[in-house]
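First to last, the protein sequences are chains A and B.
Each residue of the first sequence is one higher than the one before, counting from 231 in the working numbering.
Each residue of the second sequence is one higher than the one before, counting from -3 in the working numbering.
Hints are computed from structural coordinates only; laboratory data are not their basis.
Computed from a prediction, not measured in an experiment: that's the story for all the values here.
Glycine residues also receive a C-beta, built at the ideal position from the N, C-alpha and C atoms.
Wrong hints could be hidden among the right ones.
Short, incomplete list of chain A residues facing chain B, as computed with Cβ under 8 Å [stated by the list, open to error]:
hint : residue
1    : V259
2    : T260
3    : E263
Below 20 Å or equal to it, Euclidean Cα-Cα: the simulated EDC-like pairs (lysine to aspartate or glutamate) are [claimed, not checked]:
hint : chain 1 : residue 1 : chain 2 : residue 2
4    : B       : K64       : B       : D132
5    : B       : K241      : B       : E283
6    : B       : K222      : B       : D171
7    : B       : K241      : A       : E265
8    : B       : K241      : A       : E253
9    : B       : K222      : A       : D300
10   : B       : K353      : B       : D171
11   : B       : K241      : A       : E284
12   : A       : K305      : B       : E173
13   : B       : K353      : B       : E274
14   : B       : K353      : A       : D278
15   : B       : K339      : B       : D328
16   : B       : K353      : A       : E284
17   : B       : K272      : B       : E173
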Amino acid sequence: MNTTSSPASQTPFEHEVAERLVEALQLEVTASEIEPEAPLFGEGLGLDSIDALEISLLVGRDYGVTLRSDNPNNKQIFSSLRALCQYLQANRSSAG
Amino acid sequence: MGNRNWPDLSLLYAPEREVFVTSAGPVTGHAFLRAAHRLAENLPDQPVVPVCADVFLFSLLFAATLIKSQYVLLSSDRSSLRLAELAQQHNAVCITLARDPEVSHLPAGGKVLQSEVSLSDDPPLSGHRDFNPVIDAGRLVAIVFTSGSTGQPVGHEKYWGGLVTRSVTARVLLDPEAGPASLVGTVPPYHMYGFETLVLQALNTRVKTIAGADHYPADWVARLEKASAPRILVTTPLQLRGLVKSGLMVPAVRRVVSASAPLPEKLAEEAECFLKTEVTEIYGSTETGSVAIRRTLSGPYWSWYRDIGLQTLADGRVELSAPGALNHVLADFIETGEAGTFKLLGRVTDLLKLGGKRGSLAALNAVLNSLPGVEDGAFLPPDMSGADPQARMQAFVVAPTVAAETLLQALRPLIDPVFLPRRLVPVAALPRNAVGKLTLQALRV
Chain A
231 MNTTSSPASQ TPFEHEVAER LVEALQLEVT ASEIEPEAPL FGEGLGLDSI
281 DALEISLLVG RDYGVTLRSD NPNNKQIFSS LRALCQYLQA NRSSAG
Chain B
-3 MGNRNWPDLS LLYAPEREVF VTSAGPVTGH AFLRAAHRLA ENLPDQPVVP
47 VCADVFLFSL LFAATLIKSQ YVLLSSDRSS LRLAELAQQH NAVCITLARD
97 PEVSHLPAGG KVLQSEVSLS DDPPLSGHRD FNPVIDAGRL VAIVFTSGST
147 GQPVGHEKYW GGLVTRSVTA RVLLDPEAGP ASLVGTVPPY HMYGFETLVL
197 QALNTRVKTI AGADHYPADW VARLEKASAP RILVTTPLQL RGLVKSGLMV
247 PAVRRVVSAS APLPEKLAEE AECFLKTEVT EIYGSTETGS VAIRRTLSGP
297 YWSWYRDIGL QTLADGRVEL SAPGALNHVL ADFIETGEAG TFKLLGRVTD
347 LLKLGGKRGS LAALNAVLNS LPGVEDGAFL PPDMSGADPQ ARMQAFVVAP
397 TVAAETLLQA LRPLIDPVFL PRRLVPVAAL PRNAVGKLTL QALRV
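The shape of chain A in the complex, shown without the other chains (with noise of 0.2 Å):
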């Protein structure tokens, strides 16, 4: 866990998304550290409601993306940083 080398795995959109979550939770790991795999809530970073605001405000501002509660894909959008990067990249306004 307490790697600091880059894993080879995150893709460099993984590393940007990361890197943006890093400083919007005010997260003490760095962006390299979160694992692409790994759930963003419960276990992994621990993330909770206050959490799930500031990355909504988040991918609105930079990827153009409205999340909303009712989404029947939040659990599998939430459940990784990769999980989540596809779904942004999947539906970021071409403006974002």
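Starting from the structure of chain A, add chain B where the hints point.
Chain B alone, transformed into the frame defined by chain A:
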């Protein structure tokens, strides 16, 4: 409590009106009462710990509990551990309703009940004498728990007559327009603030609540769009900031009501500008409920609600009395102004408030120090002035043999997520003064 003039003490005020709007559509008082009676038939004869985040489902369960002549136990700490403990200590049962988002963290031993609401506006169940029962003013209907200063949660008993009276008093201030308002809340119903506004205003006054259990600005906008004007947004500084920052198109809002933490003036100004409306704050506590209101930008003076009595104690603190409620000594020092107004001077104690949750520093420190391998530890709360609504908790710990991550894992099931330290800093020793007291000043360096 029997010999004063109470307002209408029926379970539901004017049941012919719309009381809630759900994702399925508007729910009239009659439909609500029918569903509550059906639910009551399946309730055990015990107090209930509602494990519901959805305002409508929560209200239905609350009404069913009252029909059953029982009461609810409300905890703002949503850890399964705390909910289970509360149920056990009060011989109560944790209940959630199918479809509620909290279904997933119902503690072991809890029950999931079905709730079917027929939205058709059929007449009341014929032959049902107590379809909309009048509840005794002196009946205990809820115990609302907060963390006490010693760390043990303290229950505050709420009686029906007092709650209804306060709802009626508050309505005039929250919703002074000619026609009834729609409330859209971003706060949960099990917290005193949400309970009083989103649940009790809907049950006891002409106001209706647009129900939901959601997290995001886009959700709140969607509910505002479903609401008929005048719309009142019931929120907190944290969430108001989120809505303003989202930049979303928001339907006309008649008034924003904020509570649970001080609202920074700058944010109030931004919100008034963004939403083109007035932003008001409510002053209150779990013990007293809402007792005063002010428009944030109109200056530091708050106006007391009607019928609030005040007595200054020898030590300068103020004891407050309200009809049908127990007297309560305020946690803030105040300075009385003209004509029923006052100014806040500062907190008497250092209770924590984060993300709308209240906690006791002593309790959190006790939990931290109970972990295996922890020799000494202390939480450092963020600046509580409200300047930074999304500020997070930190903790310092002397635990030479255990990794910080291991300690965080151990803390997770024991405390509410909002109080989990965002940063857990291992140190060799804590800066304690001569009497062993920790100085926050020293930790902030």
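Checked hints:
1. V259: For V259/A, the interface hint is violated, since the closest Cβ of chain B sits about 10 Å away, which is over 8 Å.
2. T260: Since chain B brings no Cβ nearer than about 14 Å to T260/A, farther than 8 Å, the hint is violated.
3. E263: violated, 11 Å
4. K64/B - D132/B: The given pair, whose Cα atoms are some 14 Å apart, holds under the 20 Å limit.
5. K241/B - E283/B: Distance of about 33 Å is beyond 20 Å: violated.
6. K222/B - D171/B: With a Cα-Cα distance of about 18 Å, the restraint between K222/B and D171/B holds, given a limit of 20 Å.
7. K241/B - E265/A: violated, 29 Å
8. K241/B - E253/A: holds, 16 Å
9. K222/B - D300/A: holds, 15 Å
10. K353/B - D171/B: violated, 26 Å
11. K241/B - E284/A: Cα-Cα ~10 Å, so holds.
12. K305/A - E173/B: Not OK: K305/A and E173/B at ~41 Å, beyond 20 Å, violated.
13. K353/B - E274/B: Distance of about 25 Å is beyond 20 Å: violated.
14. K353/B - D278/A: holds, 13 Å
15. K339/B - D328/B: Distance of about 10 Å is within 20 Å: holds.
16. K353/B - E284/A: Given that 20 Å is the threshold and the Cα spacing comes to 17 Å, the pair holds.
17. K272/B - E173/B: At roughly 17 Å apart (the allowed maximum being 20 Å), E173/B and K272/B satisfy the hint.
In this structure, the earlier hints numbered 1, 2, 3, 5, 7, 10, 12 and 13 are contradicted, and the remaining ones agree with it.
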